[in-house]
Amino acid sequence: MIGMNKELLSVSSKERVNQTYKIETENLNAWFGTKQALKDINIKIRANSITAIIGPSGCGKSTLIRCLNRMHELVPSAKVSGKVFLDGVDIYSKNVDPVIVRRRVGMVFQKPNPFPTMSIYDNVAAGLKLNGIRDRKRLDEIVRKSLEQAWLWDEVKDDLDKPGASLSGGQQQRLCIARALAVEPEVLLLDEPTSALDPIAASKIEQLIVSLKRDYTIVIVTHNMQQAARVSDYTAFLYLGRLIEYDVTAKIFSNPREELTENYIAGRFG
Amino acid sequence: MDENMKYPPKFFLSVDDFFKYILGIISGLVVLTLFFMVLELFRHSLPVLSLKFVFGVNWNPVVGSEEYGILPYILGTMVTSVIAIVVGVPISLGIAIYLSEMAPNFIRTTLSFIIELLAAVPSVIYGLWGLFIFRFWVRDFIEIPLSKYLGFLPIFQGEPFGLDILTAGLILAIMIIPTVASVSREVLMAVPNSQREAAYSLGATKWEVIRLGVLSYAKSGIVGAAILGLGRAVGETMAVTMVIGNAIGAAALPTSLFKAGQTMASLIANEFNEADPTSLHPNALVGVGLILFVLALTVNLFAQVLVWRILKIKEGAVE
Chain A
1 MIGMNKELLS VSSKERVNQT YKIETENLNA WFGTKQALKD INIKIRANSI TAIIGPSGCG
61 KSTLIRCLNR MHELVPSAKV SGKVFLDGVD IYSKNVDPVI VRRRVGMVFQ KPNPFPTMSI
121 YDNVAAGLKL NGIRDRKRLD EIVRKSLEQA WLWDEVKDDL DKPGASLSGG QQQRLCIARA
181 LAVEPEVLLL DEPTSALDPI AASKIEQLIV SLKRDYTIVI VTHNMQQAAR VSDYTAFLYL
241 GRLIEYDVTA KIFSNPREEL TENYIAGRFG
Chain B
1001 MDENMKYPPK FFLSVDDFFK YILGIISGLV VLTLFFMVLE LFRHSLPVLS LKFVFGVNWN
1061 PVVGSEEYGI LPYILGTMVT SVIAIVVGVP ISLGIAIYLS EMAPNFIRTT LSFIIELLAA
1121 VPSVIYGLWG LFIFRFWVRD FIEIPLSKYL GFLPIFQGEP FGLDILTAGL ILAIMIIPTV
1181 ASVSREVLMA VPNSQREAAY SLGATKWEVI RLGVLSYAKS GIVGAAILGL GRAVGETMAV
1241 TMVIGNAIGA AALPTSLFKA GQTMASLIAN EFNEADPTSL HPNALVGVGL ILFVLALTVN
1301 LFAQVLVWRI LKIKEGAVE
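These protein sequences, in sequence, are chains A and B.
Using this note's numbering, the first residue of the first sequence is number 1, and each one after it goes up by one.
Using this note's numbering, the first residue of the second sequence is number 1001, and each one after it goes up by one.
Hints are computed from structural coordinates only; laboratory data are not their basis.
Don't take each hint at face value.
[What the hints assert, rightly or not] Here are the simulated distance ranges between beta carbons: (1) A/G132 / B/P1154: 39 to 45 angstroms; (2) B/I1025 / A/A165: 42 to 48 angstroms; (3) A/A165 / B/V1054: 56 to 62 angstroms; (4) B/F1019 / A/K39: 42 to 48 angstroms; (5) B/K1219 / A/R136: 19 to 25 angstroms; (6) B/T1110 / A/E73: 48 to 54 angstroms; (7) A/R138 / B/V1054: 50 to 56 angstroms; (8) A/R46 / B/M1189: 39 to 45 angstroms.
The C-beta atom is built at its ideal place from N, Cα and C for all residues, glycine as well.
Could you build the full structure based on these sequences and the hints that come with them?
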């Protein structure tokens, strides 16, 4: 069953290799209990680009990306309707296994959440072991590659046996990025990845995110508009669960179509 | 200034201070009681305390040929407690995982309540049930098959009878489940959600999330819960006395699970009544008590530290 789903998803990804949109949502609605968090979201996210989602607290930014890897439904009482296409396949259709979706769409959270009882090495290898990779040489290789991609290798290469929790906040967040990259996802969702970090650590993560664009499709939620302007190619503005405006980042920040967007960007609310 | 606004005249202590000191003294009495208990246990057992007391196997309270060795009872306590842990902890952990990770809210509340009620059943009831019902189940469904197929192993020697070390260990396993299950559940529920999400985001299945995100985080707390159960098993008296068979001396050495045995607690319960005050018999029983006390105290202390540490992490976290 699981194998079939994997095949179903990967075949279509080959067919659509030239497709420019990696993710498309169609009338996406989401609820917490009776409270509607997202209202009819239609958004197309381009492959190998960075898309920022901005908006005031509680506008549904996090809910939106959590719908893109089926994490939203894990909250008791949460509900989703509508469609989310990943390479043209609706990840909410009945024969798609959410576990496979989450392997293809990785996620990094607001607060660094390494597994505190595991070593740095085991943190990065955790997802690989889930995939049944046991060969030590292969694990070594991927762990190293992932840590290099997350710009952490040079800082930890001699301490791979130390607990993940012994690192600084910024390093922990990069460890979480390495852990997410290790399972080789196609999309990386970042939920305010720098909001719990000091400015220097945050800036390093920002540069890292830009460097990852070559290999991954990235969606980043941020409440920091400068950050959105600095790192993203496209920006979506969400307000009260609705997608107000979605365009090239430069356009959103210099010449938005909607007055609401302009007011938010100018700091008049939010 | 209005006379009514002034403080009432002060005696040597204000009412609040008086109250505070009274309560302080009452609380202090607990510590004092513990202190004197240890002191008295030690003082009364002094005449028998020796290496021969701890490592001897003979037990003879007849005046003139008195001999007190408690090794069989120390071992009996350990073996029954280990059976309790080996059987009881996995079951408890299963219950805790179900309650914290899977059960819908109303089942979680009801079941947690019932499990805590089980802890309130008096141990003599477990003993009665063990003596009249459970021992036959153990004999017919566990011991006879074991003896038939694995009877060549030294630990399964002897005639299955149902009043023996195995039955005592299994009764203990049942008795520690409420404690271990409810403490483990608390520990698991203290694991921050961000850990579960981390595992989910890597494409973990439900079971993998529990293993990777929950159990590995809660490891030390679960060990603590198990040791808390161990502490209960070590000191449990009534139910064990009723099903263990109460052997004495070298016969009580737990060489086979199908043999009648004796724990430190059951020995005291069996003999306190007939101890001749002019002999060393009472001192020997107090000595058993002292060693049991030290053992139980150490085990509990260790467990409390482990559980406390994991619940503490939760309080410090931002979630």
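Subject >> Hints the structure fails to honour >> reply: Violated: hints 3, 4, 6.
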